[in-house]
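**Q** Protein sequence lines correspond, in order, to chains A and B. Using this note's numbering, you'd call the opening residue of the first sequence number 94 and step up by one each time. Using this note's numbering, you'd call the opening residue of the second sequence number 94 and step up by one each time.
No lab work stands behind these hints: they were computed from the structure. Don't take every hint at face value.
Since the list gives no way to pick one copy over another, a pair counts as held whenever it fits inside one copy or between any two copies.
In the BS3-like style, the derived pairs of lysine-lysine whose C-alpha atoms are separated by at most 27 Å in a straight line are [unchecked claim]: (1) 311 with 185; (2) 311 with 335; (3) 280 with 311; (4) 185 with 135; (5) 135 with 311; (6) 135 with 109; (7) 232 with 163; (8) 124 with 311; (9) 303 with 335; (10) 181 with 311; (11) 232 with 172; (12) 150 with 124; (13) 311 with 150; (14) 187 with 311; (15) 164 with 181; (16) 108 with 164; (17) 311 with 232.
2 protein chains.
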Amino acid sequence: MLTAHTIKVLQSLDKKKFRQKYNLFLVEGNKIISELPNSNFKIKEIFSTNPQNLDFKDTLIHQITENELKKISFLQNPKDSVAVCEIKESFKLKDYSTQLVLDGIQDPGNLGTIIRLADWFGIEQIICSEDTVDFYNPKVIQATMGSFTRVKMIYCNLVDYLSETDNVNIGTDMDGENIYTFQRPEKLNLILGNEGNGMREETEKLLQNKISIPRFGKSQSTESLNVSMAAGIILGQLFSSKE
Amino acid sequence: MLTAHTIKVLQSLDKKKFRQKYNLFLVEGNKIISELPNSNFKIKEIFSTNPQNLDFKDTLIHQITENELKKISFLQNPKDSVAVCEIKESFKLKDYSTQLVLDGIQDPGNLGTIIRLADWFGIEQIICSEDTVDFYNPKVIQATMGSFTRVKMIYCNLVDYLSETDNVNIGTDMDGENIYTFQRPEKLNLILGNEGNGMREETEKLLQNKISIPRFGKSQSTESLNVSMAAGIILGQLFSSKE
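Here chain A stands alone, though its shape is the one from the complex (with noise of 0.2 Å):
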């Protein structure tokens, strides 16, 4: 049985504020739910409609209802498990030698396709102005498919950690060179701009090379790839090197 206080609660996450204040997010669907204890993420408790689904040792399960399911629930389709887990502290900050840096990318889908981009290419670490879209955010989560478990994120001020990382600051521009000449160095930071406004001026003041993806259509109408598709595909030609 759920209580009136506990749906509050829960529902109340799907705001930051809230989820700031009880310090916990939310994971839905068995199959994420499962690789939670591979992570450093702690579970606090599970509600399920199918709890004997679910193989957890030490983690307290509440069975309950598909209606009380839908009180809980973000998903337009519900699952049949809800965890409520503990936000993380910080990591402190140390550099990888290939990162994606995201300079306010707005859009929840767009985080959790370049957070599982990220772990396809084996990226242990996302760096994120502070105005980016929360990654904790349940639409986040939910569209990394898993994969918000195993690459860290870290929100900063990025004019700081650009001008003081020893990684090659590299992001996208309409005359950068082609990425299929670019000689990838070393350390890499890839930066990614905002959906509507690229990054901004103070970011791009940063960069040390300009990257771009030829366009291979001959429309002048054609509009510009959307953020993550663009970082799938530089990320698979920055990563055709490595083979």
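Given the coordinates of chain A, assemble chain B onto it according to the supplied hints.
**A** Below, chain B without anything else, positioned relative to chain A:
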């Protein structure tokens, strides 16, 4: 003024059955609508809250209110205008040197993203199995960001088509050849399968080459990439030799 009948007809265009009955589909937003005159699509009429922003000769434009727009728009946040367009007759199938072939793609957002990718890479034609989501679905049209005006879409029996084409049929497979070493044939079809189930067995039998995107992340739990993201990374690689 919008009549109740017009509202009913336009609202019904959400469904394929009614798009076929009336031979009509909707395009929303002045930015995309303004690309229609450069295409073969014929506009029947436009409903707009801001007709003065539209520079169309010989096109019937009705001024409507914001409230009326809300009634006919399929968008969560309706834009300025809705164009009612005529569905084109199907093209005669004629092979191009680089094509995409879709075997049962179901998600309108994925189809829209794939059409946008095709436009970016200058791919002129996409061939779809008959059960692929309908191209004129309003969510597909909007997700293409106008690219639907520049890419020919053909729905047909894939087994018949793939058996007869002179292009080399290429599909993805976990055990396929690494895309970074794969030598692209001059004339090719890149075949993309359904989001959950991949391509049908009878389609897979008609492949001449299988390719794969190497995963650099070490975790075995990492989900395979979304079909449109995989398409983007593969196309990025297939076109690297075109530079």
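**Q** Given a CA cutoff of 27 Å, do residue 280 and residue 311 count as a within-copy pair, a between-copy pair, both, or neither?
**A** Only across copies: residue 280 and residue 311 sit 19 Å apart there, 35 Å inside one copy, limit 27 Å.
**Q** Please sort residue 311 with residue 150 into within, between, both or neither, judging by C-alpha distance up to 27 Å.
**A** between (58 Å within a copy, 26 Å between copies)
**Q** When no copy is named, should residue 164 and residue 181 be tagged within, between, both, or neither for a Cα gap of at most 27 Å?
**A** within (26 Å within a copy, 45 Å between copies)
**Q** Could you place residue 311 and residue 232 in one of the four classes (within, between, both, neither) given a Cα distance threshold of 27 Å?
**A** between (36 Å within a copy, 25 Å between copies)
**Q** As a check of your reading, is residue 232 near residue 172 (CA-CA no more than 27 Å) within one copy, between copies, both or neither?
**A** Close inside one copy (14 Å) and across copies (24 Å); limit 27 Å.
**Q** Please sort residue 135 with residue 311 into within, between, both or neither, judging by C-alpha distance up to 27 Å.
**A** between (51 Å within a copy, 22 Å between copies)
**Q** When no copy is specified for residue 108 and residue 164, does a C-alpha distance of 27 Å or less occur within a copy, between copies, both, or neither?
**A** Cα proximity of residue 108 and residue 164: one copy only (16 Å, versus 30 Å across).
**Q** When no copy is named, should residue 185 and residue 135 be tagged within, between, both, or neither for a Cα gap of at most 27 Å?
**A** within (19 Å within a copy, 58 Å between copies)
**Q** Indicate which option fits the pair residue 124, residue 311 if close means a Cα-Cα distance not exceeding 27 Å: within, between, both or neither.
**A** between (43 Å within a copy, 19 Å between copies)
**Q** What label fits residue 135 with residue 109 when the C-alpha limit is 27 Å: within, between, both, or neither?
**A** within (19 Å within a copy, 47 Å between copies)
**Q** If the cutoff is 27 Å on CA atoms, where do residue 311 and residue 335 land: within, between, both or neither? Let me know, please.
**A** Between copies, since 15 Å is at most 27 Å while 31 Å is not.
**Q** Give the relationship of residue 311 and residue 185 under a CA distance limit of 27 Å: within one copy only, between copies only, both, or neither.
**A** Classified as between; 23 Å across copies, 46 Å inside a copy.
In summary, the structure agrees with every hint in the numbered list given earlier.
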